[in-house]
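Novice: Listed here are the chains, written in short residue letters.
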Amino acid sequence: MDAQTIIAKRIARELRDGMLVNLGIGIPTLVANFVPDGIHVFFQSENGLIGTGPIPEQGMALPWLTDAGGRPVTALPGASTFDSAMSFALIRGGHLDLTVLGGLQVDRRGLLANWMIPGKMVPGMGGAMDLVTGAKRVVVAMQHTAKGKSKIVDALSLPLTSTRPVDLVVTELAAIAFQDGRATLMEIADGVSVEEVLAATEADLFVPDNVPRMALEPRTEP
Amino acid sequence: MDAQTIIAKRIARELRDGMLVNLGIGIPTLVANFVPDGIHVFFQSENGLIGTGPIPEQGMALPWLTDAGGRPVTALPGASTFDSAMSFALIRGGHLDLTVLGGLQVDRRGLLANWMIPGKMVPGMGGAMDLVTGAKRVVVAMQHTAKGKSKIVDALSLPLTSTRPVDLVVTELAAIAFQDGRATLMEIADGVSVEEVLAATEADLFVPDNVPRMALEPRTEP
Amino acid sequence: MKTISLHDAVAIIPDGASLMIGGFMGVGTPEAVIDEILRQKKSHLTVIANDTASPGIGIGKLVTARLLSKVIVSHIGLNPETQQQMMAGDLQVDLVPQGTLVERIRAGGCGLGGILTPTGIGTVVEEGKSKITVNGREYLLEVALRADFALIHAFLADYIGNLAYALTARNFNPLMALATDTVIANADNIVPVGVVAPDHVVTPAPVVDYLIAKA
Amino acid sequence: MKTISLHDAVAIIPDGASLMIGGFMGVGTPEAVIDEILRQKKSHLTVIANDTASPGIGIGKLVTARLLSKVIVSHIGLNPETQQQMMAGDLQVDLVPQGTLVERIRAGGCGLGGILTPTGIGTVVEEGKSKITVNGREYLLEVALRADFALIHAFLADYIGNLAYALTARNFNPLMALATDTVIANADNIVPVGVVAPDHVVTPAPVVDYLIAKA
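Same order as they appear, the protein sequences are chains F, V, R and Y.
One point on numbering: in the numbering used here, the residue at position 222 of the first sequence is 222, and numbering is uninterrupted.
Count along the second sequence starting at 1, add 1000, and that's the number in the numbering used here.
Count along the third sequence starting at 1, add 2000, and that's the number in the numbering used here.
Count along the fourth sequence starting at 1, add 3000, and that's the number in the numbering used here.
Just chain F, same shape as in the assembly:
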């Protein structure tokens, strides 16, 4: 299984029935492919849609029904559309149960940097600062390392997204939770040892006595 699929399947296990969820561009988008049967999740696109459905079949796209990347999507029965003020009222106002975003770096306390590399790449923060600041639960989906360097760092070298720490980081190696300013190794992926995770991680991790394997199969509870 490739890294992206591992990450997406694991994060899909965070979904609960009735949740309002925002998925960022990239790996987070893949989470929508693994919603467990029997639960209904509302996916929000911050461009003004709740009830985002799959990519339309050939010939059935509409240019003004798109995701936040501008790509055509469909709308499920019960969808709603609204202006950008309502969209960010939902995000900033605490109505969003879960946001899944990409990350460039996460520090030992869970602080996230994901919107620019000074002098190199300045995409802008888009909705990321509001999402991290306002969502009830923030999950980061990212590869554990980039060019051999850990993305889970002691201190951020890139500009901060929000002073609100993220709750969970899921990589192809591990699931790491951030609570009370401390990073805890919650789960390790199949075929990966605790030592390998620690070696690939710059930040100090608290390692419980027993670290379970990362489950990837769909949750069956509602």
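Take these hints with a grain of salt, some might be off.
Straight line, CA to CA, 30 Å or less: simulated DSSO-like cross-link-like pairs of lysine-lysine [to be verified]: (1) Lys2129(R) / Lys3131(Y); (2) Lys3129(Y) / Lys120(F); (3) Lys1009(V) / Lys3002(Y); (4) Lys1120(V) / Lys2070(R); (5) Lys2070(R) / Lys1136(V); (6) Lys3070(Y) / Lys3041(Y); (7) Lys3041(Y) / Lys1136(V); (8) Lys1136(V) / Lys2002(R); (9) Lys3129(Y) / Lys2129(R); (10) Lys120(F) / Lys3002(Y); (11) Lys9(F) / Lys2002(R); (12) Lys3129(Y) / Lys136(F); (13) Lys2002(R) / Lys1120(V); (14) Lys1149(V) / Lys1009(V).
Label pairs and their calculated CB-CB ranges [stated by the list, open to error]: (15) Asp190(F) / Glu3138(Y): 42 to 50 Å; (16) His40(F) / Asp2188(R): 19 to 27 Å; (17) Met3087(Y) / Met60(F): 53 to 61 Å; (18) His3044(Y) / Asp190(F): 57 to 65 Å; (19) Leu3038(Y) / Lys120(F): 27 to 35 Å.
FYI, nobody ran anything at the bench for these hints, they're computed from the structure.
Beta carbons are placed, not taken as given, at the ideal position from N, Cα and C, and that holds for glycine.
Position chains V, R and Y relative to chain F; hints supplied.
Specialist: Frame of chain F, contents of chains V, R and Y only:
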């Protein structure tokens, strides 16, 4: 002609084609009866309606299509309805061309008091403070005196509605404009002398050499 | 979102709760919910709403039954009983300019701490508030307002909780539906999911906690 | 409201004007108006919008043609030309969090001086701004934003200027339609007055200054 009709007919001459207008409860409401032929005015009700039409015919009222006093109205073709945030966005945001309100007192500079008589009558300001603060033009419709006392006073004894002075006060005796902090007697009603107006007015009025009669017939220009 | 009986919805509300109640002079107020609050004799309530309607209508019924200890409203002029209880010191009445009230509620629902408005500057409304100058103009800082429960009236709901409103019964309802911990909606009509066009939904389903089932 | 030709609508816009342009990655941008701005070679424009789309789409065309001196946007990641012109110092790019941008535009249209948001606190976004504590939480004061012109795309207009939008093409359009001195709307369909239900109008006619006639 009774005092209310004189006032309403005179204020109707302030209407121009395409204006967005809010009429308060009481005498201001009557202005809608005298819209000149050939012009189209948008009447806003602050409870969330543009395109307020006349009172419905017997048996054709709808309990959830009402004016700001809760009385059934009709909606003209091209009407729109919206929430209270949009309603006051229009009012506070400078989109309202004209508001016509009742008044308890107006002072020599045009400052209005119209929302409470301490210890006696406390209706609350409702939308009045936003309307006076935000509308492009503010016209007060009121009787010139109450219980023999002038309502156009030197200094307000009642709580202020807004620091923004009104533009015009129309009574059954006169039209008085407020500009640059000064009250000017613009027009006098038929059968009334300048001296009678001055006698009925506590505030100092500037009286031009020639004070024309208050015209009440509909304007014919657009 | 849970579908719930009228009785059970109101039973959730404890005495002393703060309620945002939609409506403008009773139009757009969930009248059945008001009647059930009376029947269950909830007391010491704080109500945030545009007005207290008139005796016998909407929030006016709660005033008459003396179930309220405080109201935050823009207007009480058409309910003499509110004025009498206020003058007698039995009911605390906080009067807020209507445009300020709606923005304070909206801010509460949108995660904003407050807004700057020119309304009220230089009047009794400014007492105790900060004044902030932006681009040479002075504004009052008005802070966000939230409550425990929102009592919402809609014209249409679908079975997952999307709401649409009718004409002037919309007013404060969609704003209040964002600004409380628990949102209880009562709709004139409940329709199958997919029947309301996405562009015509005003309150998206995920913000509604309870939809009152048709009796 | 005046109905006007596409040519005449754009001719009103002077060089150096500030424009709010609806759209999100080009979706909901009045593409025909963009093309006419290119044809008339308006220059030194300031654009306030969610993003600069991609090269060849919407606002991206204005970037490529180098007609802009400044943009105030939340995102430029999908337009490498914007990034290049910014790095080269040819284009001033003010990056604003999307939720803050939309509230600043809304404040400009609603007569508010600004809003308090938690977004950006503790980040580079807070530089030079006031921080205000409300109920123990710190907020940034973000001030209202207005522009000279709004370029609005609607799905439906009626002949007096009421506008309705389609699906995700709504986005910033209705907010910008309140926040500028002059509002120019281009609609896919212009329908007789009375055909759009009052509850389905999103932008009320009186705020629209010019409606572009169908060619």
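Novice: Could you run down the list of hints and mark each one as holding or not?
Specialist: Verification of the supplied hints:
A hinted pair counts as satisfied when its Cα atoms are at most 30 Å apart, and Lys2129(R) with Lys3131(Y) qualifies at roughly 16 Å. With a C-alpha separation of about 26 Å, the suggested pair Lys3129(Y) and Lys120(F) falls inside the 30 Å cut-off, and the hint holds. Between Lys1009(V) and Lys3002(Y) the alpha-carbon distance is near 28 Å, which keeps this suggested pair within the 30 Å criterion. Pair hint Lys1120(V) plus Lys2070(R) holds up; C-alpha atoms about 20 Å apart against a cutoff of 30 Å.
Only pairs whose Cα atoms come within 30 Å are accepted, and Lys2070(R) paired with Lys1136(V) is rejected, the gap being roughly 35 Å. Taking the CA atoms of Lys3070(Y) and Lys3041(Y), the gap is about 16 Å. The hint holds against a cut of 30 Å. For a cut-off of 30 Å, the pair hint linking Lys3041(Y) to Lys1136(V) is broken: about 35 Å separates their Cα positions. Distance restraint check for Lys1136(V) and Lys2002(R): the Cα-Cα separation of roughly 47 Å exceeds the 30 Å cut-off, and the hinted pair is therefore not satisfied.
Restraint check: the Cα-Cα separation between Lys3129(Y) and Lys2129(R) comes to about 20 Å, which is no more than 30 Å; the hinted pair holds. For the given pair, Lys120(F) sits about 47 Å from Lys3002(Y) by alpha-carbon distance, which is inconsistent with the 30 Å threshold. Proposed proximity of Lys9(F) and Lys2002(R) is supported: the alpha carbons are some 28 Å apart, at most 30 Å. At roughly 26 Å between alpha-carbon atoms, Lys3129(Y) and Lys136(F) fall within 30 Å of each other, so this suggested pair holds.
Taking the CA atoms of Lys2002(R) and Lys1120(V), the gap is about 47 Å. The hint is violated against a cut of 30 Å. In summary, the hint linking Lys1149(V) to Lys1009(V) is supported, as the alpha carbons are separated by about 24 Å, within the 30 Å threshold. A hinted range of 42 to 50 Å holds for the C-beta pair Asp190(F) and Glu3138(Y), which are about 43 Å apart. The hint said 19 to 27 Å for the Cβ distance between His40(F) and Asp2188(R), and at roughly 25 Å that hint holds.
The supplied range of 53 to 61 Å is broken by Met3087(Y) and Met60(F), whose beta-carbon atoms lie about 40 Å from each other. Range check, His3044(Y) to Asp190(F): Cβ separation about 59 Å, and the 57 to 65 Å hint holds. Taken as a hint, the range 27 to 35 Å holds for the pair Leu3038(Y) and Lys120(F), whose Cβ atoms sit roughly 31 Å apart.
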